[in-house]
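Protein chains in written order, with this note's numbering: chain A, 1 to 382; chain B, 383 to 843; chain C, 844 to 1126.
Hint data in this document are derived by calculation from the structure and do not stem from the laboratory. Among these hints, one or two may not hold up.
Interface residues of chain B toward chain A, partial, derived using beta-carbon atoms under 10 Å [unchecked claim]:
#1 Glu405
#2 Arg409
#3 Gly549
Computed list of lysine to aspartate or glutamate pairs in EDC-like fashion (alpha-carbon distance at most 16 Å, straight line) [said to hold, decoys possible]:
#4 B/Lys513 x A/Glu355
#5 A/Lys177 x A/Glu211
#6 B/Lys597 x A/Glu355
#7 A/Lys21 x A/Glu133
#8 A/Lys304 x B/Glu483
#9 A/Lys367 x C/Asp969
#10 B/Lys601 x A/Asp60
#11 A/Lys304 x B/Glu564
#12 B/Lys422 x B/Glu455
#13 C/Lys1051 x A/Glu193
#14 A/Lys343 x B/Glu509
#15 B/Lys597 x A/Glu342
#16 B/Lys454 x B/Glu483
#17 A/Lys343 x B/Glu385
#18 C/Lys958 x A/Asp348
#19 B/Lys517 x A/Glu355
#20 B/Lys517 x C/Asp959
#21 B/Lys513 x C/Glu1048
#22 B/Lys597 x A/Asp130
#23 B/Lys601 x A/Asp130
#24 C/Lys1041 x B/Glu509
#25 B/Lys601 x A/Glu211
#26 B/Lys434 x B/Glu385
Residues from chain B that keep clear of chain C, each with C-beta distances beyond 12 Å, as calculated [unchecked claim]:
#27 Asn395
#28 Glu483
#29 Gly519
#30 Val521
#31 Gly537
#32 Glu832
For every residue, glycine included, the Cβ atom is placed at its ideal position computed from N, Cα and C.
For reference, the chains in residue letters:
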Amino acid sequence: MEEESLTDHLKDRPLHLAEAKKSGRKIVGFFPGNFVPEEMIYASGAVPLCLIQSGFRAADAGLAVMPHIICPFARAQVGERLLKENPCYNMMDMLVAPITCQHMKKVAEIWEYRGDLEIFKLGIPQQYEDDFEVEYFINGLKALRGRLEAFTGNKITDEKLGKAIELYNRMRELLRKISLMRRISPSPLSALEFIKLNHASFYADPVFMVEVLESVYQELRDKKPAAESIAPRILLTGPNIGNGDYTVLEIVQATGGEIVVEEICGGIRNYWQSIENQGDLLQSMTRGYLLDRVPCAFLRNASKKRFDYILQLVKEFNVSGIIWYELLCCETYDAESYYFTEKMGELDIPVLVLESDYSTAATGQLKTRIQAFIEILEGVTE
Amino acid sequence: MIELLKLCGFEDNELETELPRVEKVFRRLGITDEDIERGKQRLAKYYDIELKGLRKVFRLIMLELVDGLLAKEGGKKKVIYGFMAPGIAILGSALVSKSKEVLSIHQSWAFQVVVGCIFDKIVPVMEAAEKKWLKAGVVSHCANIKTLVGPIALGLFPKPDLLVTSGFTCEASPKTLDLLHEFYDIPVWHLETNLDRQSWEYPEPPMRIADLTAKSMRKLVRRIQEVVGFEITDDMVREVMAAKGKLEDALRRVRDLVENSDPMPLSPSHENIWYCLDELTLTIDGIAEATGAIDTLYEELKERVARGEGVVEKGAPRVLAILPGGQTDPRMDYLACKAGIAIVAVDFNLGAPFKEASEDPYVMFGLGSQQFTLGLTLLGRIPLIIEACKNLKIEGVLDRYHAGCRTTVADALIIEDAVKKELGIPVLVLEWESFDPRVYNHEQFKNKFEVFKTMMLGRRV
Amino acid sequence: MVPDYFAGIDLGSTMTKVVILDRDETIRVSVIKHTGAEHRRLANQVMAEALAEAGLSFEEISYVVATGYGRITVPFADRQITELTCHARGVSHYFSDVRLAIDIGGQDSKGLKIKDGRLLDFVMSDKCAAGTGRFLELIAEALEIRLEDMGNIAAQSTNKVTISSTCTVFARKEVISRISEGASLEDILAGIHDAIAKRVARMVERLKVEPDVLFTGGVARNIGVVRALEKNLGCKVLVPEEPMLSGAIGAALLGKEIMLKALAQGKPIQKSERRLEESTFFQ
Chain A
1 MEEESLTDHL KDRPLHLAEA KKSGRKIVGF FPGNFVPEEM IYASGAVPLC
51 LIQSGFRAAD AGLAVMPHII CPFARAQVGE RLLKENPCYN MMDMLVAPIT
101 CQHMKKVAEI WEYRGDLEIF KLGIPQQYED DFEVEYFING LKALRGRLEA
151 FTGNKITDEK LGKAIELYNR MRELLRKISL MRRISPSPLS ALEFIKLNHA
201 SFYADPVFMV EVLESVYQEL RDKKPAAESI APRILLTGPN IGNGDYTVLE
251 IVQATGGEIV VEEICGGIRN YWQSIENQGD LLQSMTRGYL LDRVPCAFLR
301 NASKKRFDYI LQLVKEFNVS GIIWYELLCC ETYDAESYYF TEKMGELDIP
351 VLVLESDYST AATGQLKTRI QAFIEILEGV TE
Chain B
383 MIELLKLCGF EDNELETELP RVEKVFRRLG ITDEDIERGK QRLAKYYDIE
433 LKGLRKVFRL IMLELVDGLL AKEGGKKKVI YGFMAPGIAI LGSALVSKSK
483 EVLSIHQSWA FQVVVGCIFD KIVPVMEAAE KKWLKAGVVS HCANIKTLVG
533 PIALGLFPKP DLLVTSGFTC EASPKTLDLL HEFYDIPVWH LETNLDRQSW
583 EYPEPPMRIA DLTAKSMRKL VRRIQEVVGF EITDDMVREV MAAKGKLEDA
633 LRRVRDLVEN SDPMPLSPSH ENIWYCLDEL TLTIDGIAEA TGAIDTLYEE
683 LKERVARGEG VVEKGAPRVL AILPGGQTDP RMDYLACKAG IAIVAVDFNL
733 GAPFKEASED PYVMFGLGSQ QFTLGLTLLG RIPLIIEACK NLKIEGVLDR
783 YHAGCRTTVA DALIIEDAVK KELGIPVLVL EWESFDPRVY NHEQFKNKFE
833 VFKTMMLGRR V
Chain C
844 MVPDYFAGID LGSTMTKVVI LDRDETIRVS VIKHTGAEHR RLANQVMAEA
894 LAEAGLSFEE ISYVVATGYG RITVPFADRQ ITELTCHARG VSHYFSDVRL
944 AIDIGGQDSK GLKIKDGRLL DFVMSDKCAA GTGRFLELIA EALEIRLEDM
994 GNIAAQSTNK VTISSTCTVF ARKEVISRIS EGASLEDILA GIHDAIAKRV
1044 ARMVERLKVE PDVLFTGGVA RNIGVVRALE KNLGCKVLVP EEPMLSGAIG
1094 AALLGKEIML KALAQGKPIQ KSERRLEEST FFQ
């Protein structure tokens, strides 16, 4: 029931954005990775919009500008601006681009070069153990605040920022609570449902989204537990799951596997940290958005940290196998997948590595690999 | 073997000490007598090895490789490697100038020139790296990184006390070091900058980024000091930078001569040798020696120019190449010459000027590294390339990009677009892998060069 | 009903294989046919042929497992299982100590890590022709020789030519260049076999190469590739007598296991309402 009104809301979102623009509000897009504090954009009075659209057509269109060695998600971002068919991408007034991996850095640079959009780059320090490195990020946040204030004409007071943090903290808390319900078997919602909810949180109005999440959470708590499930419990990890990039999730579900938790850097809203809503708010955001998180693979010395973290998730969620889902050309995650599979192999935890360039032609091959993996996990004659 | 060493500029009086060391290293690398014959032929074919100055440069490169592989046997107590770390050559030079017990190498460059360019034996190294995690194929990992991981996997490089890289040009190298640390227990370190230069931070390089770079370098220096046990002072660094400045001036003179002479007196395959030379970890005296070699070369080239000698015909169409040619394989640049194309300059040598200055040598480094062609964002890089094309009267751009390098790949089509639009000259876009000789496709490249030349000549009225 | 016969049908992209086992796991009959373009329509025909040869009716088959590329569209199958799992089971039947199975088929190649008949891990290459039977086919075409003669010709090589192109299309060009330069046919073929073996070896090395190493699939009949694989892996490579049937055999064996287990547990047997007829839908 709540899902229907969410669907309608998402369908009508371009209209909302158009109306917002007419009333003088700015639309500020930002790239995924969970580095850009959405609260700050919200507190400036602008509409925050995380750009996570995936899709073969857009990725293909991006080839006109970036060769095939750039990852399909990055190419899709370029493609969306070229195709000009996506109203959300069309209506953007400003882009906040976290400088993360080489692929997304280039997308920001290319848009900047084309010169038809206001762009602010937020530099992510690749290591952040030293004060000067952390300070670099905080200075970036300060500059972002100044730029947003100038662009929107609204001051971002600590009070407004505090209210925004409260709202997004609640959103993250609800996503966390819902996600944690999947520790029991069978989980009350599928990975596909959870990820779609998570993706929706990037497009929808945040106040409305929190309402939706409240009612979904309630619904799930009241739901009668289903019968025991023998479906193998799977953890999904990788660099990025964009909006619409659901083939792997669908095939896993259809083949009888159950993804119970994800560790994805780009495209999934990080819900594990809450931003401390007191004291120096920029410091709080730095902790929540950078320091306290498990690092993405493109950051320094990340491999072992990420491995240990995922191992923890495996234990907590009682996972029997891991699917490592990579976008083709992602060199950092690909290098790490070797380390990861070696180490997991030592612990006898099965890992399936899949690659995608969003092309639908590969579906048959995906089905075979995923099914064989599930056959390994469940012992095919059970 | 002696002939080969003589070709590489070794003097008679040093053969006694150097010959056994070189032989030892060649044995370790699996370089046979057959390979040595082939090496001599390749040196003669692809390089102007009759130039004395050039031979001196090859000598320095060969010595760096030999010293590197025999580090532990040579009584070096501490070994520091750099890989894709701008600035490490400077710190390294400061180290080796101060102490004979420390060896610092900006790894892989010398290895690539000797094992790849001279002996054509880099493929087994590639394959060793591919057995690990560095895939080959349509979507491949960077072959430059393969020349680091391969030899480590094969046990060719002695284990360093510190391996340093940077995030200046990619994430692949730092990621690689992370894994090398996990798999081989090598202590690693990352030097950082940040690539978030804003559109309004032009033309001057922003101090905030230079500052970060400088602090990161000082952090690295503190770590290196821990390893070697002595201090690297700012003055030591300034001294090295001054010496390197002279080397860079000498190279600039050579490049100016090449750019402004018709016929072009020197093949572009030597560009790669200059990059290698610039990244060798030489003592202050060694840098002076290198500068001397380039000065000798300059005089020899002037004589060539006076005689009207060139490696392509007079009036050959003038081309700017994007990115250096084959680091492990000189064939493409050689082919370009044979096809009658004069690659007079490479964009890799371009840098935008800046006015900002600082007493702090690391801040100066942090400013300068942002103005180098790859340090600039597109907003800076494109005008730099266009400007260079105008100044050098370029008739065509060879827009080559490494299939394994995410950093340089994304600019290729933007460069093509901009050059065609703003200058109206032909652009040849070429996907290849300049660190992997297996990617070289003679027929295809030859045809493309011929067409490219025809297009350029056709535009002359 | 006492289960008597079990059938496995392996619908590959190039060849369709059917095996019927009797209850003590000996092969009653096996059929290998070209899949052709209409493969989804012909599964029942190949099955019918096998039944005829065995002198059995379809109803006498207790359980049918379909595997392979076209497994999903076999309407008369009781269950479909991936060829990876089926191959692992099939090769273990004859070689109980198998730890690594390499299968090079018409359009893909696979590596299977196996222990005690169970699949533990796998690698697959199915995105391009290099490293598959198709690669050899194209080269045979270019050189105007028969695929089945390649192995014997290459055995006479004394000075193998190195083929460096990793792409099939470029390798073909390279081969033609070498021929025109005067290289001998046997030396080129030795190089070709080395190229395919190298590529496959690199792929399977991820699974850790441990004996016994098995080699199955159509390409396993080429002795040149077998030897090249041994060289590239650094160990002995065993080839079953009928290298193309391990998928279908494994499928039938798994079918028997499933059926017996279900019977023992008193659970309803997963038997679809099945008749031996043509597939009426395409996926």
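Right, here's what the structure says about each hint:
1. Glu405: 36 Å, violated
2. Arg409: With a minimum Cβ separation of about 31 Å from chain A (threshold 10 Å), the hint on B/Arg409 is violated.
3. Gly549: For B/Gly549, the interface hint holds, since the closest Cβ of chain A sits about 5 Å away, which is under 10 Å.
4. B/Lys513 x A/Glu355: 19 Å, violated
5. A/Lys177 x A/Glu211: 14 Å, holds
6. B/Lys597 x A/Glu355: The hint is violated at about 39 Å.
7. A/Lys21 x A/Glu133: Violated. A/Lys21 to A/Glu133 sits at ~37 Å, over the 16 Å cutoff.
8. A/Lys304 x B/Glu483: 33 Å, violated
9. A/Lys367 x C/Asp969: 13 Å, holds
10. B/Lys601 x A/Asp60: 43 Å, violated
11. A/Lys304 x B/Glu564: 8 Å, holds
12. B/Lys422 x B/Glu455: 28 Å, violated
13. C/Lys1051 x A/Glu193: Answer violated: C/Lys1051 to A/Glu193 is near 38 Å, above 16 Å.
14. A/Lys343 x B/Glu509: 23 Å, violated
15. B/Lys597 x A/Glu342: Violated, at roughly 36 Å.
16. B/Lys454 x B/Glu483: 10 Å, holds
17. A/Lys343 x B/Glu385: 50 Å, violated
18. C/Lys958 x A/Asp348: 13 Å, holds
19. B/Lys517 x A/Glu355: Roughly 13 Å separates the two Cα atoms, so the pair holds.
20. B/Lys517 x C/Asp959: 31 Å, violated
21. B/Lys513 x C/Glu1048: 7 Å, holds
22. B/Lys597 x A/Asp130: Between B/Lys597 and A/Asp130 the Cα gap is close to 10 Å, so the pair holds against 16 Å.
23. B/Lys601 x A/Asp130: 9 Å, holds
24. C/Lys1041 x B/Glu509: It holds: about 10 Å lies between the C-alpha atoms, which stays within 16 Å.
25. B/Lys601 x A/Glu211: 48 Å, violated
26. B/Lys434 x B/Glu385: At roughly 15 Å apart (the allowed maximum being 16 Å), B/Glu385 and B/Lys434 satisfy the hint.
27. Asn395: Its Cβ never comes within 12 Å of chain C, the nearest being 41 Å, so this holds.
28. Glu483: 40 Å, holds
29. Gly519: 6 Å, violated
30. Val521: 10 Å, violated
31. Gly537: The claim holds: B/Gly537 sits with its nearest Cβ about 17 Å from chain C, beyond 12 Å.
32. Glu832: At about 18 Å from chain C, B/Glu832 clears the 12 Å cut-off, so the statement holds.
The structure fails to meet hints 1, 2, 4, 6, 7, 8, 10, 12, 13, 14, 15, 17, 20, 25, 29, 30 from the earlier list, while all remaining hints are met.
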